[in-house]
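Top to bottom, those sequences are chains A and B. Counting in my numbering, the first sequence runs from 1 upward without gaps. Counting in my numbering, the second sequence runs from 359 upward without gaps.
What the hints contain is simulated information worked out from the structure, not anything from laboratory work. Any given hint could be a false lead.
Claimed, not checked - Calculated pairs, DSS-like style, for lysine-lysine (alpha carbon to alpha carbon, straight line, at most 25 angstroms):
hint : chain 1 : residue 1 : chain 2 : residue 2
1    : B       : K505      : A       : K198
2    : B       : K505      : B       : K640
3    : A       : K150      : A       : K186
4    : A       : K147      : A       : K309
5    : B       : K591      : A       : K25
6    : A       : K107      : B       : K640
7    : B       : K583      : B       : K609
8    : A       : K324      : A       : K186
9    : A       : K121      : B       : K609
What the hints assert, rightly or not - Over 10 angstroms on every C-beta distance to chain B, these chain A residues come out as not near it, computed from the model:
hint : residue
10   : Y43
11   : R85
12   : N126
13   : P161
14   : K204
15   : D277
16   : T293
17   : P296
18   : A308
19   : L343
No residue lacks a Cβ here, since even glycine has one placed at the ideal position from N, Cα and C.
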Amino acid sequence: MKTRFLTLAATAAALAFGTMAAEAKVKACFIYVGPIGDFGWSYQHHQGALEAQKNLGGEEQVELAYLESVPEGADAERAIERFARSGCNIIFTTSFGYMDATNAVAKKFPDVKFEHATGYKRESPNISTYNSKFHEGRYVQGIIAAKMSKAGVAGYIASFPIPEVVMGINSFVLGAQSVNPDFKVKVVWANTWFDPGKEADAAKALIDQGVDIITQHTDSTAPMQVAHERGIKAFGQASDMIKFGPETQLTSIVDDWGPYYTKRIKAVADGNWEQIDIWGGMKDGHVVMAPYTNMPDDVKAAAEAAQAKITSGELNPFTGPINKQDGSEWLKAGEVAEDGVLLGLNFYVAGVDDKLPQ
Amino acid sequence: MRIELVRRPQHSALFSALSPFIALGLTLVAGAIMFSLLGKNPVDALYYYFIDPLTGIWDPGNRWQLHELAIKAAPLILIAVGLSVCYLSNNWNIGAEGQFIIGAVVGSFIPVVFPGWHSWIVLPLMLLLGMLGGAAYAAIPAFFKVKFNTNEILTSLMLVYVAQLFNDWLVRGIWRNPEGMSFPGTIRFSEWAILPQVWPESGRAHWGFVFALVAAVVVWFMLSKTLKGFEVKVLGQSPRAGRFAGFSSGKVVFFAFLLSGALAGLAGISEVAGPIEHLNEKISIGYGFTAIIVAFLGRLNPLGIVAAGIILALTYLGGESAQIAIGVSDKAVRAFQGMLLFFVLACDTLIHYRVRIAGAPAAKAAETKAGEATQGA
Numbered sequence: 001m002k003t004r005f006l007t008l009a010a011t012a013a014a015l016a017f018g019t020m021a022a023e024a025k026v027k028a029c030f031i032y033v034g035p036i037g038d039f040g041w042s043y044q045h046h047q048g049a050l051e052a053q054k055n056l057g058g059e060e061q062v063e064l065a066y067l068e069s070v071p072e073g074a075d076a077e078r079a080i081e082r083f084a085r086s087g088c089n090i091i092f093t094t095s096f097g098y099m100d101a102t103n104a105v106a107k108k109f110p111d112v113k114f115e116h117a118t119g120y121k122r123e124s125p126n127i128s129t130y131n132s133k134f135h136e137g138r139y140v141q142g143i144i145a146a147k148m149s150k151a152g153v154a155g156y157i158a159s160f161p162i163p164e165v166v167m168g169i170n171s172f173v174l175g176a177q178s179v180n181p182d183f184k185v186k187v188v189w190a191n192t193w194f195d196p197g198k199e200a201d202a203a204k205a206l207i208d209q210g211v212d213i214i215t216q217h218t219d220s221t222a223p224m225q226v227a228h229e230r231g232i233k234a235f236g237q238a239s240d241m242i243k244f245g246p247e248t249q250l251t252s253i254v255d256d257w258g259p260y261y262t263k264r265i266k267a268v269a270d271g272n273w274e275q276i277d278i279w280g281g282m283k284d285g286h287v288v289m290a291p292y293t294n295m296p297d298d299v300k301a302a303a304e305a306a307q308a309k310i311t312s313g314e315l316n317p318f319t320g321p322i323n324k325q326d327g328s329e330w331l332k333a334g335e336v337a338e339d340g341v342l343l344g345l346n347f348y349v350a351g352v353d354d355k356l357p358q
Numbered sequence: 359m360r361i362e363l364v365r366r367p368q369h370s371a372l373f374s375a376l377s378p379f380i381a382l383g384l385t386l387v388a389g390a391i392m393f394s395l396l397g398k399n400p401v402d403a404l405y406y407y408f409i410d411p412l413t414g415i416w417d418p419g420n421r422w423q424l425h426e427l428a429i430k431a432a433p434l435i436l437i438a439v440g441l442s443v444c445y446l447s448n449n450w451n452i453g454a455e456g457q458f459i460i461g462a463v464v465g466s467f468i469p470v471v472f473p474g475w476h477s478w479i480v481l482p483l484m485l486l487l488g489m490l491g492g493a494a495y496a497a498i499p500a501f502f503k504v505k506f507n508t509n510e511i512l513t514s515l516m517l518v519y520v521a522q523l524f525n526d527w528l529v530r531g532i533w534r535n536p537e538g539m540s541f542p543g544t545i546r547f548s549e550w551a552i553l554p555q556v557w558p559e560s561g562r563a564h565w566g567f568v569f570a571l572v573a574a575v576v577v578w579f580m581l582s583k584t585l586k587g588f589e590v591k592v593l594g595q596s597p598r599a600g601r602f603a604g605f606s607s608g609k610v611v612f613f614a615f616l617l618s619g620a621l622a623g624l625a626g627i628s629e630v631a632g633p634i635e636h637l638n639e640k641i642s643i644g645y646g647f648t649a650i651i652v653a654f655l656g657r658l659n660p661l662g663i664v665a666a667g668i669i670l671a672l673t674y675l676g677g678e679s680a681q682i683a684i685g686v687s688d689k690a691v692r693a694f695q696g697m698l699l700f701f702v703l704a705c706d707t708l709i710h711y712r713v714r715i716a717g718a719p720a721a722k723a724a725e726t727k728a729g730e731a732t733q734g735a
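Put together the whole structure using the sequences plus the hints.
Okay, here's the thing in structure tokens:
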């Protein structure tokens, strides 16, 4: 009993890190929607925060504070306001559901800078929005999937039918079709961001339907583990999940927020922070691919080539000709989708074997 | 060797009254030990946990925290007051979360479908619709219980998931904000559909908290001073005695479910018309379930529930404050919240029961019979 309590205490102590730098120049505060130990979305934001602190001179220069698992309802505004009142110079709110709350608090505290991830409202001059083009990584995954799959069908475990997720599915299909025009994707909506049990069930159902590659837009490592048991390949999500599937993971899209957080916290320290709206991709270092593993050299070469082209700006996954799922034309040959359309995307492109929940 | 709980023939009135304070004292001691083991100063930790959110009482600069306390406590109190009537009458409504959601959905009908209707009557109608929605949804398990003798714990609980999915479908589908970039959620309500703030100079607490206080007083009066309250309690404790007294158990089932559904629905619409200002898929964060704890923490007495709701809300706010000020993790904060509930329930149990360690050979022979009896219970 005693040892168990001590273990618990030690674990909790390890999770809580000291934020007591006495005379830090900047106080940067983060609100996370999940626990920082989820190995997915919140974990990556927290890694970005720690990286920024390290880049900018450690605890002496940057004081960090954070709140985990903050619900996106009435509680969010209180949590953000508490940060604003506790001396934070810049506050990062890292989930879409904090949008209205962040804007409301930003109006009340004009001297504090606010950064809202994945949102689109900037109602006062002290609030910026930022997001990443994860779909660029999905395109590369699509290429790998089409080259690796014998069945010509991949399984996609999706979370919720929001534009971000729909964009990822479409981009994956387009990447795959650039290799094999007949490639199909089956989608299962798990209706959760993090539920290892449901995600594992979704993976099993997809494999039973004959897919031989699994990719996911949910945060747990369960699909990777199911893919390993069934002897097929899979892609990781949000972080490098190679330790959960050393023989299974092909690559993973890693959300790397470190460079952005470094830049923005430094801007506050230097006194030149300005409102922006950034949607950063591979070019900006926001989207990083984990090492290409468990694939032949020619597949790896194709993936690297695509990644280089996207990074240089030579290739945009959403370049026509692209047809919608119902066969009607979306983009003419050579036409590139506008950011505004992508950010509100609510339809599939041809080749997705699923009906989009509306 | 075996540990048994034996009912005390009589429980001490003194200790019954002292129980919450003993529990609080034990929590403070256990919490101080936990925070010390985490390397934090326990006095600081307990200060941020229990005192800091209340500093607004004397410090005007911190008054906003009292508003936040009221916002957090309001739905818990409203729902728990309704649940107390259910539980006193032996109706186990576990589905307040669903009634909360349906109240929010039905109440949102006017501002979402008729956003251009600007009139003073919009808000009262929304509140009324919210209550009707919650009550109608609670009537389903009540009907099944009265008609088919269905277990209301299961039906009311399962209807929570139905309500969540229905709301989810609405805000992703036909009620979705057309200018919301395809994200789930309705348009923002017009100012005519937003609950006014009680005292906007110092914070954002809205009329939901006033509703909670009024509901608590009215239900307390009903339970303690009226025949209806007597009927509820008699049927809860002894349905047979109630029948001899001429009370209809079916009517009381409906009464309890409709009342608690209406209050949960009022909590739901107050939440979306208050701090959230639009309907989305994330309004359900477990108030309906937490309120069950609040109801029992307040010993099913509406006035006790007001205190319990405020204390539980305090632990949420204090937990946040402690996370920021001294850097404890949210896991430690939740463990501490768990300790409080554990000690309260343990104290209450030990007032009614005593612990006996059975199995010592001499005692065994003497108490075999008693032991078998308790084992069977």
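Structure-based check of each hint:
no.: 1; hint: B:K505 with A:K198; verdict: violated, 36 angstroms
no.: 2; hint: B:K505 with B:K640; verdict: violated, 34 angstroms
no.: 3; hint: A:K150 with A:K186; verdict: holds, 15 angstroms
no.: 4; hint: A:K147 with A:K309; verdict: holds, 18 angstroms
no.: 5; hint: B:K591 with A:K25; verdict: violated, 62 angstroms
no.: 6; hint: A:K107 with B:K640; verdict: holds, 24 angstroms
no.: 7; hint: B:K583 with B:K609; verdict: holds, 19 angstroms
no.: 8; hint: A:K324 with A:K186; verdict: holds, 16 angstroms
no.: 9; hint: A:K121 with B:K609; verdict: violated, 51 angstroms
no.: 10; hint: Y43; verdict: holds, 14 angstroms
no.: 11; hint: R85; verdict: violated, 8 angstroms
no.: 12; hint: N126; verdict: holds, 19 angstroms
no.: 13; hint: P161; verdict: violated, 7 angstroms
no.: 14; hint: K204; verdict: holds, 22 angstroms
no.: 15; hint: D277; verdict: holds, 13 angstroms
no.: 16; hint: T293; verdict: holds, 33 angstroms
no.: 17; hint: P296; verdict: holds, 39 angstroms
no.: 18; hint: A308; verdict: holds, 31 angstroms
no.: 19; hint: L343; verdict: violated, 6 angstroms
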